[in-house]
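**Q** Residue numbers (this note's numbering), protein chains in the order written: chain H, 683 to 1010; chain Z, 7 to 779.
It should be emphasised that the hints constitute simulated quantities derived from the structure, not laboratory data. On a predicted model such as this, the values are computed, not experimentally measured, just so you know. Hints are supplied without guarantee of correctness; some may be wrong.
As the list claims (entries may be wrong) - Each computed DSSO-like pair below joins lysine-lysine, with the alpha-carbon atoms no more than 27 Å apart:
no. : chain 1 : residue 1 : chain 2 : residue 2
1   : Z       : Lys197    : Z       : Lys392
2   : H       : Lys891    : Z       : Lys197
3   : H       : Lys881    : Z       : Lys392
Chain by chain, the residues run as shown.
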Amino acid sequence: MESKMWKLLLVGTFLAVICFCHAVQKKKDDPLAERVQQMMDWNSKKPVIRMNGEKFKQYVRGVPRNYSVIVMLTALQPQRQCSVCKQANDEFTIVANSWRYSQTNKLFFAMVDFDEGSDVFQQLKLNTAPVFMHFPPKGKPKKADTMDIHRVGFVAEQIARWVQERTDIQIRVFRPPNYSGTLALALLFSLVGGLLYMKRNNLEFLYNKTFWGIAALSVIFAMTSGQMWNHIRGPPVMHKNPSTGAIHYIHGSSQGQFVAETYMVFLLNAAIVGGFILMSEANNLKGDPGKKRVFALVGLGCVAVFFSLLLSIFRSKYQGYPYSFLFK
Amino acid sequence: MADTGIKTDIGSSMFNPGGWKSLISFVTLSLAWLVGFSSRLFAVIRFESIIHEFDPWFNYRSTHYMVNHGFYNFLNWFDERAWYPLGRIVGGTVYPGLMVTSGSIHWFLHLLHIPVHIRDICVFLAPIFSGMTAVSVYLFTKEIWSAGAGLFAACFIAIVPGYISRSVAGSYDNEGIAIFALMFTYFLWIKSVKTGSLYWSVFTALAYFYMVSAWGGYVFIINLIPLHVFVLILMGRYSQRIYIAYNSFFIIGLILSMQIPFVGFNPISTSEHMASAGVFALLNAYALLKYVQSFLTKAEFKFVFVAAVGIAAAVIFMAVVGLTWAGYIHPWSGRFYSLWDTGYAKIHIPIIASVSEHQPTTWVSFFFDLHILVCAFPAGVWYCIKYVNDERVFVVLYAIFASYFAGVMVRLMLTLTPIVCVSAAIAFSKAFEIYLRDDTPKTSNKPIEDTPDNKSDNKYYDKVGKTKKDKREEKPKESDALGINIKSIIVIALLMVLMLFAVHCTWVTSSAYSSPSIVLASYNHDGSRTILDDFREAYYWLRQNTEDKARVMSWWDYGYQIAGMGNKTTLVDNNTWNNSHIALVGKAMSSNESAAYEIMRALDVDYVLVIFGGVIGYSGDDINKFLWMVRIAEGEHPKDIRESDYFTPQGEFRVDSSGSKTLLNCLMYKLSYYRFGDLQLDFRSPSGYDRTRGVEIGNKNFELTHLEEAYTSEHWLVRIYRVKDLENRQITDKPVKPVKKAKKSKKKTSKKKQGSIKNKPKVVKGKKSKSKK
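Okay, chain Z solo, but in the shape it has when bound:
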């Protein structure tokens, strides 16, 4: 399209396949970007431009802080409003990539005098980055297979639910930008393996640095790339290119990754990173052997080889064991450990087991998130094995390991999704390449500029199949055999499947992944919609009506929201770094009121916030989460809290009158159901009918002694209680009756008896009385 200046050239450039190619690629990519962006806007259109869920609120709050106070103040930020009374060093415990990204967009827009609020940047960051992900997946697939497959892959990743689930507008989380960083790093890595140039490997390391700054999942890169190199060596595909690519990537990447405060010295001290160092050593040893081999005889070399390998293996093994034993290398951290030993987390770490993201994956959720792609992508892997080369080995390894991890942990579906799109794109592109080709004999031969290009893969370009020229001239005649009818049938059927995929993606995005979860919507019979805005209502009440330093106790799920929207001090939040503190809150929630009051006094709690869904039938409320509180509390305080006390004798968890007494009298129960017994929701159900559990509650008429109701939102979803101060005067329930006490004591010792005899002999058990009978 560049040569539009000369009129006569227009005609020829219109038929120039290179021009068509880039136009179509450009248009397709921008359409993919547009579709990806707009299909992520369901939540914004239905509700409003708002930050979703839990973690995004923390990210938003810290981005806001960084924009207001500057980057260095952000790195040194000690947040005394979280984890009261411990506080949290935010700068050293976050991956700052997300905040820096949106902060620099904000800075740039303000430089152009476009006044955009930082919240809007945060809301739309993930959809914008999804387009960039599509572009980087296109580049990756283009390097692996062909440009046509690349366009397919870009379209797939733009709309696939497995990625949308983490990147809808308002879901302002690390994963939103991390998948872009991940795929871009892989693209640059493939590029550097192919070219063996320092230029590309330095860029790989820089992209890796961005990934490290953005998401903890960078560990996946630093294990997969060494694995790729290792397998290449095993396959005998070692070359200078790989040597240069890996060594420069490893060294620069290692130094850069240690610049992130949260990562610090982890890359040289934890087991997760050791594989990369091991491969680095191995690669250099291998290169040395290759070099030595060039001037030794075969027999000599054999001896040197065996000796070197034996010594190296022994030294490395001893070093790793010794360093781990001496405590310089940390054993695998719990979350990673649960990836390998799948039974570990279930037994030992209730807080990991309680997070639904750490559960294994059913086939239904694979199908739900990937639809036809999950069925088609093994075919792409198959082709990568059949037509193997250096970079396709990478695809195969990525596919195998990512599907293993996705099977173990539903959250890691996210890392599987890009490679599924790439491989499925290969499968579809290959099918279309064959069946979309028009093999009617050509009338004229157009000049093709890239004929001498020896990478014939690059020319397979299905979208413009008719301009495609084959080197073998007899091919059209041979492929005639398939016939135009059969070809059309197959193409139409595949297109229908793809259409079904697009429809599925839209439906899933709209119905499952576009709820902000802080604004709820319910639909009436006539289709009209009611917005339940209780969360924001209550948090705003907290913000306006409580003193600045007020401390709010709630279960950890709501910590970030209270800090973000209510701007109040919380005890625990979603950064679950201190299990014992969480267990203490759990203990307070599951004890009876007076025992809880002692804990709350000790923790300086001013307000208690509970989420209660019984009025509107909201299932994600605190009573339904309650067993996890009990379990986590039991883990730290086994003497005081026992899970079995909260079950009925039949082992059921019930809140009605047959529920266990401990449950019906614990703090969480009382705070959830306080005055609920007086409420009759409709005429068919009795008063105090819990719609979530579908039962009439068991303990209706009770008063609170140490707390008082401060605020209950419109639909009772959020209930806030004020913790009363200590009484000035100890009020006792029953007046002391000294007379009765005296009577009681009379039986034991007759000393205090009124009008007793002086000098009466005192009887000591087991001794003979001095007085005579």
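Extracted from the complex, chain H is given alone in its bound form:
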């Protein structure tokens, strides 16, 4: 009998606890709904909710939540001189904009500027910006909830992918079409058209072979000096060795190149071609034979010297290349 009594008591207590819990749940439900409503309100005004330390504490770290928050911690003030932050902000805004009109309250985008909420940075032990963090509805953010921007970058598509990984919510990134390129093209066309129209009585330059020759050669030089590689890969202009402070204009391996280096190659190629043309034009010159000789020799000099220079740059990049001309 004794044990039965005990058991009943136990059950009773248990029930009581459950009831109490229920009551608490109900009580807390209200701030949750209120919070969600507040977030929705902000979200309808601006795609990225701007927060300071206090708001962050309440809406992002506050305990009962049923929504995820993606927070960008950044330093946008001009005196912080964070140029990356600006680009990251643009990309982040694109993602947030793509998500904005989906009308659900599962996911919000927020940002904290260092100058408005430095306590947040201290709290999260961050000393770099920008940082993208995901705050899940339950539990604390794990390691993977911080986006690894060093590896994947912060292009909008990558952010969306990471968000999908963390929250299972798929965002179709909608980039506002970039009209600047089209506009520039249209402007250029109208300029050229206008120019043609203005000079319609004097269209001689269209028949000017030198003009066309220079245009064609510029395209060829740009391609053979690897400008397309620069365009696709986006290498730095030059490299500054952080320890010695020495500036390298030429990439040390044959797999890569710097922008400055490609300009050099562009000019060297152009000089060699100039040499070839000088050599043949020397023969067509009228008049003084001395001038002819000078032209011919200058042409040869251009070809030989600049080609040797090009060869020595190539040699410095391509380890083990055995040949050289004029210079080492």
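Position chain Z against the provided structure of chain H, taking the given hints into account.
**A** This is chain Z only, laid out in the frame that chain H set:
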């Protein structure tokens, strides 16, 4: 040389410049052919007569099939040994020109009772065709500029590394014959533009047909020729000749190109071909307007012209948009799209981004492949613009567009190379023409037979400059001014540069482009050579020791080799047409063993083959390619595979003990490093030291549960594992402990408790208990 019969004629024919010309051209061309052929033989001399790399193995296998089974069986060949379980319709998915070419050479030689094995024909096909390329480049340049420039161009193309890279002996690939077809088509096109005869344009279309049958790069022709015509119209150089040349070429070429099964209806349905149709319409409209113009007044014509142009533009635009929208015209395919929007492939198509041939080109590789030619060829383009005529417009357009494409994709260096040789030849030939001329006054005037020839270009012939006669008699006196010394200096300097070019070409061919990549060589300190023949050793093991229908899973790079040398069924191969199948293999490689086992069971895999270079320090092995497998797998299965799991927290890809746990336990890691931890390569390094990555591996002692090692080649380069069958009896790691389980369940429900009270009230949460306290 034809008139050697009469003695007295010999003397005069020796001084006949025409005779000299053709003799020297002939000798130079045959020497170019010989040099081109022999400089491509490095690989054969160093190793043996063997098919190289990956794709050539498929070409060889299908050529072999065609020779054995006949052409029609080849066209209908369904290869059930590739892409298991899907199979591949080979006849409909290859460009058969290569196989037909070597097959007909084989047939012809056997007709003469010369018993040559088809493999030897395949190995030497590309070097032989390089000579034919040299000849067609000579003909092309001769039409464009002069015969002298043509000889230069032939010599350049014979040895230039940009072309050798694709045509060494053993590199039995489409490009080997396609460059010949390309240049020959262009030569015939120039010829037909110059003459305006139906004869030449029909030949152009036939050469184009050969090109279509040989290589997917035919798209370059079918866009460049219409562009040429279009620009000629814009420049006001329209003529009857162009009308005849283009219309007959377009119609016959279109019909012929659709005869290739792989091309099929593409020429009338894809955007890549639309430009040619558009120019065809434009050309005919222009001709019509010209015709109408002949009997209308100026004012009337103006009205007709504006109306016609407006209506035509609107109709064409609407038609293209409408047809594309309705799905009759396919938008540009991914590979072509990546040519224009250069960022596209990088983001959207990992399998394109993973192929190194689709990477952009640095200036170093331009210089490496073309040397002095890349610096000199713009000068040739410059002269073509300065002395422009119908056919030189073509050279300029070709040079500009080919250099753009070569800049975007390193593989398209191949299409740039011929025009670089042509233009550089023009530049050099022009320089030599001026400075090699001997202007000491002639003592006697030889009769020249081709004086009335109005194409004065043809007479500029630098190699025999001293027999060259100038029309302007005062020229020698004037050019005296340059002086013999300066001329010699310039000639010698240019010759030195050209010599440097020849040396460079030989060095590059020998060091960079002559490795068969299935036989490796390593050099010891004393210069002696060790041959590592692991690939063939392992494939031959597969061929001999596994059952006929065995299915081998490997990464796609090795599919053609396994099929060609091992004669076994593969899951994926280098014809990367099915991305999801490749992703499935990638997923199996990057999952842990038990998850991979499920995929392998589903795909009926019998053997798994991995390439492992850690013992000899071979850098092209599967671990180094592994991230691409992960990326491609992630593209299709983002839930199961995540690239970030394979990196250390610092974002590094490491195989040592600080590497990520997922990496150290995935199938590829385990298969590569199985029992490697027991191996100590030398006394200075610890056991399990990976020479390729230069680290000691992180996960050493592990056993495989679902696979067993079947074969490892001598230098561990190829490792083959057998997939075990399912166990008869499920073995569980730990015996089930019912007691413990019961104890656990006691806490939740007291129902199963031993000796519990019957009819004990069951408590339901949230409801009041019926029993009273």
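**Q** Hint by hint, note whether the structure agrees.
**A** Tested hints:
| no. | hint | result |
| --- | --- | --- |
| 1 | Lys197/Z x Lys392/Z | holds, 21 Å |
| 2 | Lys891/H x Lys197/Z | holds, 25 Å |
| 3 | Lys881/H x Lys392/Z | holds, 24 Å |
This entry satisfies every hint, going by the numbered hints stated previously.
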